[in-house]
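> Could you put the whole structure together from the sequences, leaning on the hints where they help?
Now for the letters of each chain:
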Amino acid sequence: MNRKYYIIRRLLQMLLSYLIILTGLFFLFRLALPDPTAALVVEGLSEEAREMVRARFGLDQPLWRQYINYLVNFVRGELGLSFHYRAPVFPILIDRLYNTLALMIPAIFVSYLLGPMLGVFLSWKRGSRAEFTGIVGGLVMRSAPLFWTGMIFVMVFGIWLGIFPTSGMRTLPYEAAHFFDKIFTLDFLWHLILPMLTVAIYYLGLPMLIMRNTMLEVMGEDFIELCQAKGLSERKIMYRHVARNALLPVVTQAAITIGLAVGGQVVVEVVFSWPGLGREIVQAVRTSDFPMAQGAFMMMSGLVLIMNFLADMLYSYLDPRVGKEGGGE
Amino acid sequence: MADRRQRSLKERLSYLKPYLDSVLEPAKIIWQDPLGRAGAIIFTLIVLIAVFAPLLATHNPHEMNERIEGSIIPFYGAGEWEDYEIIGEDPINDLATGQNITAAITEANEVIVRGPGGEWEKENLNITREIKAITISGEEILLAGSGGELLSRREGEWTGEDLPGDDTIYGISSSPAGEVLAVGEEGAIFLRSDREWRRIESGSERTLNAVNFSGAGDAVIVGDRGTIFHYREGELIDPEYAGFQDATFRDLLAVDYHASGMAFAVGQRGTIMGFDGESWSNMESDTSRELRGIAIFSEDSAFTVGYRGVMQQYDGEGWGSLDRITRRGYRGITAGAGDNPGIIYGVDPYVNELAAPSTEHFFGTTHLGRDIWSQVVYGSRTALMVGIIAALMVNILGFTVGLISGYYGGRVDSLLMRLVDIMYGMPLEPFAIVLVLIFDPGLWIIILAIGLLTWRTNARVIRSQVLSLAKRPFVKAARVAGGSNIRIMLVHIAPNVLPLAFLQLAVAMGYAITAEATLSFLGLGPPRVYSWGTILHAARLSGAWRTAWWWVIPPGIFISATVVSVFLISRAVEVLTNPRLRGGNQSAPEPEESEDTLPHGQ
Chain A
12 MNRKYYIIRR LLQMLLSYLI ILTGLFFLFR LALPDPTAAL VVEGLSEEAR
62 EMVRARFGLD QPLWRQYINY LVNFVRGELG LSFHYRAPVF PILIDRLYNT
112 LALMIPAIFV SYLLGPMLGV FLSWKRGSRA EFTGIVGGLV MRSAPLFWTG
162 MIFVMVFGIW LGIFPTSGMR TLPYEAAHFF DKIFTLDFLW HLILPMLTVA
212 IYYLGLPMLI MRNTMLEVMG EDFIELCQAK GLSERKIMYR HVARNALLPV
262 VTQAAITIGL AVGGQVVVEV VFSWPGLGRE IVQAVRTSDF PMAQGAFMMM
312 SGLVLIMNFL ADMLYSYLDP RVGKEGGGE
Chain B
5 MADRRQRSLK ERLSYLKPYL DSVLEPAKII WQDPLGRAGA IIFTLIVLIA
55 VFAPLLATHN PHEMNERIEG SIIPFYGAGE WEDYEIIGED PINDLATGQN
105 ITAAITEANE VIVRGPGGEW EKENLNITRE IKAITISGEE ILLAGSGGEL
155 LSRREGEWTG EDLPGDDTIY GISSSPAGEV LAVGEEGAIF LRSDREWRRI
205 ESGSERTLNA VNFSGAGDAV IVGDRGTIFH YREGELIDPE YAGFQDATFR
255 DLLAVDYHAS GMAFAVGQRG TIMGFDGESW SNMESDTSRE LRGIAIFSED
305 SAFTVGYRGV MQQYDGEGWG SLDRITRRGY RGITAGAGDN PGIIYGVDPY
355 VNELAAPSTE HFFGTTHLGR DIWSQVVYGS RTALMVGIIA ALMVNILGFT
405 VGLISGYYGG RVDSLLMRLV DIMYGMPLEP FAIVLVLIFD PGLWIIILAI
455 GLLTWRTNAR VIRSQVLSLA KRPFVKAARV AGGSNIRIML VHIAPNVLPL
505 AFLQLAVAMG YAITAEATLS FLGLGPPRVY SWGTILHAAR LSGAWRTAWW
555 WVIPPGIFIS ATVVSVFLIS RAVEVLTNPR LRGGNQSAPE PEESEDTLPH
605 GQ
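Sequence lines, in order, name chains A and B.
My numbering puts the first residue of the first sequence at 12, with every later residue one more than the last.
My numbering puts the first residue of the second sequence at 5, with every later residue one more than the last.
Keep in mind the hints are simulated off the structure, nothing from the lab.
Take every hint as true, because none was put in to throw you off.
One side only, chain A facing chain B, incomplete, derived with CB under 7 Å:
{"#": "1", "residue": "LEU150"}
{"#": "2", "residue": "VAL151"}
{"#": "3", "residue": "SER154"}
{"#": "4", "residue": "ALA155"}
{"#": "5", "residue": "PRO156"}
{"#": "6", "residue": "TRP159"}
{"#": "7", "residue": "MET162"}
{"#": "8", "residue": "ILE170"}
{"#": "9", "residue": "GLY270"}
{"#": "10", "residue": "VAL278"}
{"#": "11", "residue": "VAL296"}
{"#": "12", "residue": "ALA304"}
{"#": "13", "residue": "SER312"}
Listed next, the stretches of chain B that the computed footprint assigns to chain A, with coverage defined by at least 3 CB atoms under 8 Å from CB atoms of chain A:
{"#": "14", "stretch": "423–434"}
{"#": "15", "stretch": "516–523"}
Every residue, glycine too, gets a C-beta built ideally from N, C-alpha and C.
Below you can see the structure in the form of structure tokens.
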């Protein structure tokens, strides 16, 4: 009962957060751009025609009325017309969202699969040269900016060695009836490897170091001593008893990382010309495509909130104390 | 009264001591840890580079660096040439070849001669007037220039010769029979035969640029606005044109008259005039650039060179483009004979674009010839400035929110923490992108974006620390003693959180530097200020980044080094404040090998 209550409360919190972000976005855009029809003036719109456009888009109504319209339209999935594509924003963004997820999910999966494993290894070898190298390596991986690693990868593997493609999701031209047609091919995997590795390497360092740190903390607990007294093998202690207990902070970190990754993804998409949400929002700034930028931001922040929510759910499942205490940080 | 005020000041100052201690303590700790020391050293180096940037930068980062040099390319024919060879510090204006010697004049009024030995040697000439043209007649070298200056070298001795006039000479040529023609401004034509100079009246006011002999007593002279004269046996003859359309009004700059009787004259805007032994006609060329040199190798092979390295080839029928050897502007070409190659010479001062690292440019140059080392050095200022300001902003916001939230608890806490949740719902890069779309690109937008958004982590970390401190007996004691909330927070709790805040400051700074680089890389930075991100942005925009490794690697190394150093420093503090992380717990399984490379392997 407590758990159900926790989930519902968390869900409501998420929706409230999203509403506040949407509100902030509305006022930011309205304050900065009181008259969106100004962008149409260059196309030689007369004063009467402008009035008509304003009336059609509801811009002649009071601000609170516009705000309600904005929210209603958002719920109906109407995010406006893109200035650049001259087409509705929403279907374009949905397509880009799939592309973004197709890169992000494998990358996060790889880094959170390998990271903790390496972390266990490091804590096992603590005090050794291997650990030292691992720690410094992990710090360096976290410090090298994503876009730079991506550029180096393109230069080395794409240009000098010429073994991986350097841009896009598929070799052009290609035909795909729908999204799954597009990604369940070898060609897609081929294109995925470089950008995926770029992201994975960047996010690998953190879970690795956190895992190592918590492993060392857990090793100091009394029950480990008990395990040793029982005569369990070192491997068994490390992987079965210590690692299990040390995973929790890694999961917390994963929740935050996934949120950050949505932002970090932007540069990787730009470097590898990956047709995702990030590249779209950068393009929107270049072409002053306000509806597109606004829609892309809505989608990204929605994605972050959902990811954070899912991670919290996973966390509460792994550590039942969370739900019972009423959801602390 | 004064005494009391003094004491209270002293008392007030004593409150600062815990703050001071909590700043100094981590500094000591950092220095004790080997990795922390490495981080501190790297960080200090970067700070020093930023402070002394104007001294360290070897060039103005905005300046397009030009290279000025005199070079030749030995040229055998289409697709066959030897390496570009730099033979002097100044561009070569004209070059002449003789039996065993080659002589060239440079823009710095010098003459360099290559004898049979193959070495280029500078001749010492004491003249103040500019030399414009050179020719070789048998063993004799002849130079001509402004003010009717004319010099001749016979058997190693330079002597001046008197021209019957003081017009500036632009072109000079000699025939196998020993005749010499010099042409120049205002239609001046001088002929030397039997060692005597005389003037030939041309009746033209136009500047004559070039002259060339095909054999004894037969030469072509060309000049501005399409001027062409034939010289035959002491007489000037006007040219015949194949059609009315065939005359040109463009300046003709060079001419070559082959022994077979054909001739080509080239000039401005890709003009090529051809002479078939009887009449001149305007020929189609594949360029609209200035052509400055023409050489006929045989009846069905001729080449012309010019501005920005443009090259055209004649195949017996017509003219077509030839792949450029370099993109540098040539000033002329001589024809090859037998085994001797022709020589393309010049070159115009050119932008030293995409040069690989050298002693002049430590990190090479960009596609606009800008010095990358200087850009990187100045970039460190931007990175540190943004890093420090943003980190301070983040820390002050996060510290305040965390302190208030943790101390008061209850509604205040849950309200503030919901605010933090909302902040977590907004990814940084897209947030900054939206800000740039609405306002304008600039450093302040970047600082603002980082500052407004990333205090969320600090607030959480500080809050959890304050939460546990607020329940400690000393806080309760302070409250009982009647301390106000503000006083308890600032005097009793804050100093205890400060080491943690210091740690967070380092982390925030590393994060801010990366964020600044990332946002600048996306083109959201200010256009005229260099930062490591904008350098990489420019590299990407130019398209040269795929091959110009020297443009991509250095800024990235600087970013990584700075961020790593900050991480190492913060880690040193963390390790020593949390001894369990040192890695040497007795109750844990023993490591296979133990070396003292890590901080304090107990």
